[in-house]
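Asks: Spelled out from the first residue to the last, the chains are:
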Amino acid sequence: MEPRFFEAFLMPYLVVLDILSLTGIIYFCMLPKEQKANTSYWLPLVILLFTCFFENMGAYCNYNTAFNKEVNAFFGNTENPRYNLWLYNIANKQISTILYLFLIKSWLKPSKKKYITWMLVVFISVAFYFQITDIEPVYSFQPIIFAIGANMMVIGIGLYFIGLITDETFLNSNPLKLISFWQMTFLLFTYSLSYINSIALEFFLTFNEDLGRSLIQIDIVLGVLTKIILLLTIASPKLPKLFEREPIYGFS
Amino acid sequence: MDSVESQVYIIIFSTLFLGGIMSTFVISMVFIHRQRQAQNQQKLDHIKSEHEKTLLNIENEIQQETLTHIGRELHDNIGQLLSLAKLNFGSIKPEKQEEGKNILSQAIQEVRGLSKQLNLDWVESISINEFVAQQLTKIQNTGFCETTLEAEFDLVDLPKDQKLVLIRVIQESLNNAIKHASPDHLKIEMRSIDGKRQILIKDDGKGFDSTQKSNGSGMYNLKKRMETIGGGFDLTSVVGKGTEINLTLPN
Numbered sequence: 565m566e567p568r569f570f571e572a573f574l575m576p577y578l579v580v581l582d583i584l585s586l587t588g589i590i591y592f593c594m595l596p597k598e599q600k601a602n603t604s605y606w607l608p609l610v611i612l613l614f615t616c617f618f619e620n621m622g623a624y625c626n627y628n629t630a631f632n633k634e635v636n637a638f639f640g641n642t643e644n645p646r647y648n649l650w651l652y653n654i655a656n657k658q659i660s661t662i663l664y665l666f667l668i669k670s671w672l673k674p675s676k677k678k679y680i681t682w683m684l685v686v687f688i689s690v691a692f693y694f695q696i697t698d699i700e701p702v703y704s705f706q707p708i709i710f711a712i713g714a715n716m717m718v719i720g721i722g723l724y725f726i727g728l729i730t731d732e733t734f735l736n737s738n739p740l741k742l743i744s745f746w747q748m749t750f751l752l753f754t755y756s757l758s759y760i761n762s763i764a765l766e767f768f769l770t771f772n773e774d775l776g777r778s779l780i781q782i783d784i785v786l787g788v789l790t791k792i793i794l795l796l797t798i799a800s801p802k803l804p805k806l807f808e809r810e811p812i813y814g815f816s
Numbered sequence: 723m724d725s726v727e728s729q730v731y732i733i734i735f736s737t738l739f740l741g742g743i744m745s746t747f748v749i750s751m752v753f754i755h756r757q758r759q760a761q762n763q764q765k766l767d768h769i770k771s772e773h774e775k776t777l778l779n780i781e782n783e784i785q786q787e788t789l790t791h792i793g794r795e796l797h798d799n800i801g802q803l804l805s806l807a808k809l810n811f812g813s814i815k816p817e818k819q820e821e822g823k824n825i826l827s828q829a830i831q832e833v834r835g836l837s838k839q840l841n842l843d844w845v846e847s848i849s850i851n852e853f854v855a856q857q858l859t860k861i862q863n864t865g866f867c868e869t870t871l872e873a874e875f876d877l878v879d880l881p882k883d884q885k886l887v888l889i890r891v892i893q894e895s896l897n898n899a900i901k902h903a904s905p906d907h908l909k910i911e912m913r914s915i916d917g918k919r920q921i922l923i924k925d926d927g928k929g930f931d932s933t934q935k936s937n938g939s940g941m942y943n944l945k946k947r948m949e950t951i952g953g954g955f956d957l958t959s960v961v962g963k964g965t966e967i968n969l970t971l972p973n
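Top to bottom, those sequences are chains Z and E. One rule links them: number in my numbering = place in the first sequence (from 1) + 564. One rule links them: number in my numbering = place in the second sequence (from 1) + 722.
Since the hints were derived computationally from the structure, they do not count as laboratory data. Heads up, a few of these hints could be off.
Unchecked claim - Derived DSS-like pairs (lysine-lysine); straight-line CA-CA distance at most 30 Å:
1. E:Lys-918 with E:Lys-945
2. Z:Lys-805 with E:Lys-765
3. Z:Lys-597 with Z:Lys-677
4. E:Lys-946 with E:Lys-885
5. Z:Lys-741 with E:Lys-770
6. E:Lys-946 with E:Lys-924
7. Z:Lys-673 with E:Lys-765
8. Z:Lys-741 with Z:Lys-597
9. Z:Lys-741 with Z:Lys-633
10. E:Lys-909 with E:Lys-885
11. E:Lys-775 with E:Lys-945
12. Z:Lys-673 with E:Lys-918
13. Z:Lys-633 with Z:Lys-678
14. E:Lys-765 with Z:Lys-676
15. E:Lys-775 with E:Lys-946
16. Z:Lys-741 with E:Lys-765
17. Z:Lys-802 with Z:Lys-597
Could you build the full structure based on these sequences and the hints that come with them?
Replies: In structure tokens form, the structure reads like this:
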């Protein structure tokens, strides 16, 4: 194998993601049948595996530049064929946001689920429209699409917190022992802390690349922390001392 | 400081500011949740103490009534029987002696019956249906009015505290009907509608305008007592057309 291959695939971030995904699969296999069928358990695994897949795909694009060039050319980018932005946009900023919105939806009361459904419809439509009309091409920076997605995430998380403080079913629970609370908190921090630097990414990479790359680390660290929480969600039935049973399960 | 540098600082500070806002938001949510939990606990404690207070009041009322009843029985019934027995034993005639013995046995039985009423254990041994039937028979025996009982179900599964409250409310409702309505007919229906069990106490007495606010606390107390056990109390009355009390039982 070429040293470039190891360089691309053995980055600490990728190794951590691979380990988390593998552990997630093991814990998921240990779940009883009815819990495997519960959205609150299989959706975190899907997100974990999808993240692992697209990050490895990114590594592969860095390794196989010819493949990356072909995909970029397919999307109409012939100027910067080495860029991975198409994958970053589609997977990390669009599909991941959609999956996280579904995750938020699974924690809401049926009366509030419809708001997320509408957000999903609007987000998918807007993202699709902006890309086919080249307002924000898929191979370029997409601050507007990301901003819309992040705003919807924050609103969805807000709906969860409103439910937490108003719903009778949460009255007997300790929020600090609820996995849904930690999921929402980490998602809130991930999306709010990376909000400005994701929107200003183009600016940073143009005027202060070093700082831009440093700020991307915030995204990476919070991303890993969120994935750890997703792993803990799958493992939560095995950790009854750490987490309480979710009162909202009755709604789904 | 050039414009690019100042823009970088603005972006960094904005990010930190957003992070601060989010942290404050999450901490506030936890804090509000804790406060709600504390308020809810206070509410539950209040309901519990109200429930205990109501039960204690009801037990006291029942005991007071029992004592009054026993005093009356001792004076009017057992006292009379013992006097009669004394008279009979004073006679030298053997048939009078025999009659005296019979009266004494009757007095002993009456005393046994009374002693059973001294504690509240009878509440556990009697069903609501039996209690209602006893009360109606007692009223009918006085010749005050005609009574009817129609029961669709047997109420035997109530816990003691709920049974105590229900007994007291039924007793009080019947007393009110006798005291204020002067009915010719008193009817109690025990029926089940949409899975909800109800006890209807109907009389064809004088009635009153139930839409007008009452000054007394009697009805309010009955309503509150039913609510304490998770039930409901509803009263409708029309002048000249009698009164209907609807007691909804807890599930």
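Asks: Does each hint hold? Answer for all of them.
Replies: Structure-based check of each hint:
1. E:Lys-918 with E:Lys-945: At roughly 17 Å apart (the allowed maximum being 30 Å), Lys-945 (chain E) and Lys-918 (chain E) satisfy the hint.
2. Z:Lys-805 with E:Lys-765: Satisfied, since the Cα-Cα distance of roughly 29 Å is no more than 30 Å.
3. Z:Lys-597 with Z:Lys-677: holds (25 Å)
4. E:Lys-946 with E:Lys-885: holds (15 Å)
5. Z:Lys-741 with E:Lys-770: Holds. Lys-741 (chain Z) to Lys-770 (chain E) sits at ~28 Å (cutoff 30 Å).
6. E:Lys-946 with E:Lys-924: holds (20 Å)
7. Z:Lys-673 with E:Lys-765: Within the cut-off at roughly 25 Å; holds.
8. Z:Lys-741 with Z:Lys-597: holds (24 Å)
9. Z:Lys-741 with Z:Lys-633: Not satisfied, since the Cα-Cα distance of roughly 47 Å exceeds 30 Å.
10. E:Lys-909 with E:Lys-885: Holds, at about 20 Å.
11. E:Lys-775 with E:Lys-945: holds (15 Å)
12. Z:Lys-673 with E:Lys-918: Measuring from Cα to Cα gives roughly 28 Å; hence the hint holds.
13. Z:Lys-633 with Z:Lys-678: Distance of about 41 Å is beyond 30 Å: violated.
14. E:Lys-765 with Z:Lys-676: Distance ~28 Å between Lys-765 (chain E) and Lys-676 (chain Z) Cα, so the pair holds.
15. E:Lys-775 with E:Lys-946: holds (12 Å)
16. Z:Lys-741 with E:Lys-765: holds (24 Å)
17. Z:Lys-802 with Z:Lys-597: The given pair, whose Cα atoms are some 15 Å apart, holds under the 30 Å limit.
Checked against the numbered hints given earlier, the structure breaks hints 9, 13 and satisfies all the rest.
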